[in-house]
Amino acid sequence: NAGVTQTPKFQVLKTGQSMTLQCAQDMNHEYMSWYRQDPGMGLRLIHYSVGAGITDQGEVPNGYNVSRSTTEDFPLRLLSAAPSQTSVYFCASSSPGQLYGYTFGSGTRLTVV
Amino acid sequence: AQTVTQSQPEMSVQEAETVTLSCTYDTSESDYYLFWYKQPPSRQMILVIRQEAYKQQNATENRFSVNFQKAAKSFSLKISDSQLGDAAMYFCAYRSGSGAGSYQLTFGKGTKLSVIP
Chain S
-17 NAGVTQTPKF
-7 QVLKTGQSMT
3 LQCAQDMNHE
13 YMSWYRQDPG
23 MGLRLIHYSV
33 GAGITDQGEV
43 PNGYNVSRST
53 TEDFPLRLLS
63 AAPSQTSVYF
73 CASSSPGQLY
83 GYTFGSGTRL
93 TVV
Chain H
5 AQTVTQSQPE
15 MSVQEAETVT
25 LSCTYDTSES
35 DYYLFWYKQP
45 PSRQMILVIR
55 QEAYKQQNAT
65 ENRFSVNFQK
75 AAKSFSLKIS
85 DSQLGDAAMY
95 FCAYRSGSGA
105 GSYQLTFGKG
115 TKLSVIP
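Those sequence lines, one after another, are chains S and H.
Its first residue numbered -17, the first sequence is counted upward by one per residue in the working numbering.
Its first residue numbered 5, the second sequence is counted upward by one per residue in the working numbering.
Among the hints, erroneous ones may be present.
No farther apart than 25 angstroms at their CA atoms in a straight line, the calculated lysine to aspartate or glutamate pairs in the DMTMM-like style are these [unchecked claim]:
no., chain 1, residue 1, chain 2, residue 2
1, H, 116, H, 19
2, S, -9, H, 33
3, H, 113, H, 35
4, H, 113, S, 38
5, H, 82, H, 14
6, H, 113, H, 30
7, H, 59, H, 21
8, H, 77, H, 33
9, H, 59, H, 30
10, H, 113, S, 8
11, H, 113, S, 41
12, H, 116, S, 20
13, H, 82, H, 35
14, H, 59, H, 35
15, H, 77, H, 30
16, H, 77, S, 38
17, H, 77, H, 35
18, H, 116, S, 41
19, H, 82, H, 30
20, H, 116, H, 33
21, H, 116, H, 30
Stretches of chain H that chain S covers, calculated by requiring three or more beta carbons in the stretch to come under 8 angstroms of a beta carbon on chain S [unchecked claim]:
no., stretch
22, 44 to 53
23, 95 to 101
The set of hints was computed from the structure by calculation and includes no laboratory data.
Glycine included, each C-beta is placed from N, C-alpha and C at the ideal position.
Given only the sequences and the hints, what does the whole structure look like? Please build it.
See the structure below:
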C-alpha cells in the first residue's frame, strides 16, 4: 500500500520556468489537497479537490494551477516559477469521514533561482 | 475563518521527562476535529493523535495524550516518557465537521521539540 506518492522529491527551477509536481494516491480517497510549507508559517493550503473534476482555491493559490481528471491523481502546475515559490510542497488525501486527518506524501523541496 | 495558534516556537525536554505543547484555536463552529501532526527531520507528516469536538474524553495514544478544553478553545499535547525519537516539529491542525472547511486542514505554525539525552 503506497499511500500518497509525490514526485519529484527535489527540484531546482530557474525563474520563469514551468513544471508539474505529481501526486498520486491509491487509497480511493475523494479529497486531495496541496500545501506549501515555509519556515515559521506552518502549512498553507494552495488548492484542493473534493472529487474528480472538482477543484477549488485555498489560501495561497496565485501562481499555481491544478486539475483532477481521476480520483487517483492531483498534479500541481507552476505556471511561471518565481523565487517566492521556493518552498516544500505536500500533497495530501483524505476520505470524507471527518474522524480522519489527511494522509500526506513525503513532500517536494522546490528551489527557484 | 478558523485560526490555529501555537505560541511556543521551540521547546526542549529531558529524555524520559514529560512535556506539554500548547495549541489554541478560534472558531464559531461546534462540530470540528483537532489533530496533532509530527514532522521529523525526514519531512514526513505523521498523524499523532486526533480529537472529536463532541467527545468530552481526552484522546490518548500510548505516550501521547491531549488536554482538550472546548470552552477555552485549547488543545494541548502531552508527551510522557520523552524519547530521542520524539524530537521533531509538531503541528496542531483544525478541520471543520461540515462545509468547505471539512475539505482542508488549518495548521498552526508549529513547535520544534528538542529532546536532551
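Hint check results:
1. Taken as a hint, the residue 116 of chain H and residue 19 of chain H pair is honoured in the structure, with Cα atoms around 15 angstroms apart against an allowance of 25 angstroms.
2. Among the hinted pairs, residue -9 of chain S with residue 33 of chain H is inconsistent with the structure: their alpha-carbon atoms are about 37 angstroms apart, more than 25 angstroms.
3. Of the supplied pair hints, the one linking residue 113 of chain H and residue 35 of chain H holds, its CA atoms being roughly 23 angstroms apart against a limit of 25 angstroms.
4. For the suggested pair residue 113 of chain H and residue 38 of chain S, the alpha carbons sit about 23 angstroms apart, so the restraint of at most 25 angstroms is met.
5. Restraint check for residue 82 of chain H and residue 14 of chain H: satisfied, since their Cα atoms lie roughly 15 angstroms apart, inside the 25 angstroms limit.
6. Distance check on the hinted pair: residue 113 of chain H and residue 30 of chain H sit about 14 angstroms apart at the alpha-carbon level, within 25 angstroms; holds.
7. About 28 angstroms separates the Cα atoms of residue 59 of chain H and residue 21 of chain H, which puts this hinted pair outside 25 angstroms; it is violated.
8. The hinted pair formed by residue 77 of chain H and residue 33 of chain H meets the criterion: a straight-line CA distance of about 11 angstroms does not exceed 25 angstroms.
9. The hinted pair formed by residue 59 of chain H and residue 30 of chain H meets the criterion: a straight-line CA distance of about 18 angstroms does not exceed 25 angstroms.
10. About 29 angstroms separates the Cα atoms of residue 113 of chain H and residue 8 of chain S, which puts this hinted pair outside 25 angstroms; it is violated.
11. For the given pair, residue 113 of chain H sits about 15 angstroms from residue 41 of chain S by alpha-carbon distance, which is consistent with the 25 angstroms threshold.
12. Of the supplied pair hints, the one linking residue 116 of chain H and residue 20 of chain S holds, its CA atoms being roughly 14 angstroms apart against a limit of 25 angstroms.
13. A C-alpha spacing of about 23 angstroms is found between residue 82 of chain H and residue 35 of chain H, which places the hinted pair at or below 25 angstroms, so the restraint holds.
14. The suggested pairing of residue 59 of chain H with residue 35 of chain H holds, with an alpha-carbon distance near 10 angstroms, which does not exceed 25 angstroms.
15. The suggested pairing of residue 77 of chain H with residue 30 of chain H holds, with an alpha-carbon distance near 7 angstroms, which does not exceed 25 angstroms.
16. The suggested pairing of residue 77 of chain H with residue 38 of chain S is violated, with an alpha-carbon distance near 28 angstroms, which exceeds 25 angstroms.
17. Pair hint residue 77 of chain H plus residue 35 of chain H holds up; C-alpha atoms about 13 angstroms apart against a cutoff of 25 angstroms.
18. Among the hinted pairs, residue 116 of chain H with residue 41 of chain S is consistent with the structure: their alpha-carbon atoms are about 24 angstroms apart, no more than 25 angstroms.
19. Our distance criterion of 25 angstroms between C-alpha atoms is met by residue 82 of chain H and residue 30 of chain H, whose separation comes to about 21 angstroms.
20. The suggested pairing of residue 116 of chain H with residue 33 of chain H is violated, with an alpha-carbon distance near 29 angstroms, which exceeds 25 angstroms.
21. The straight-line distance between the Cα atoms of residue 116 of chain H and residue 30 of chain H is roughly 22 angstroms, inside the 25 angstroms bound, and the hint therefore holds.
22. Counting residues of the stretch 44 to 53 of chain H whose CB lies closer than 8 angstroms to any CB of chain S gives 5, which reaches the minimum of 3, so the coverage claim holds.
23. With a cut-off of 8 angstroms between beta carbons, the stretch 95 to 101 of chain H has 4 residues touching chain S; three or more are needed, and the interface restraint holds.
Against the hints set out earlier in the document, violations occur for numbers 2, 7, 10, 16, 20.
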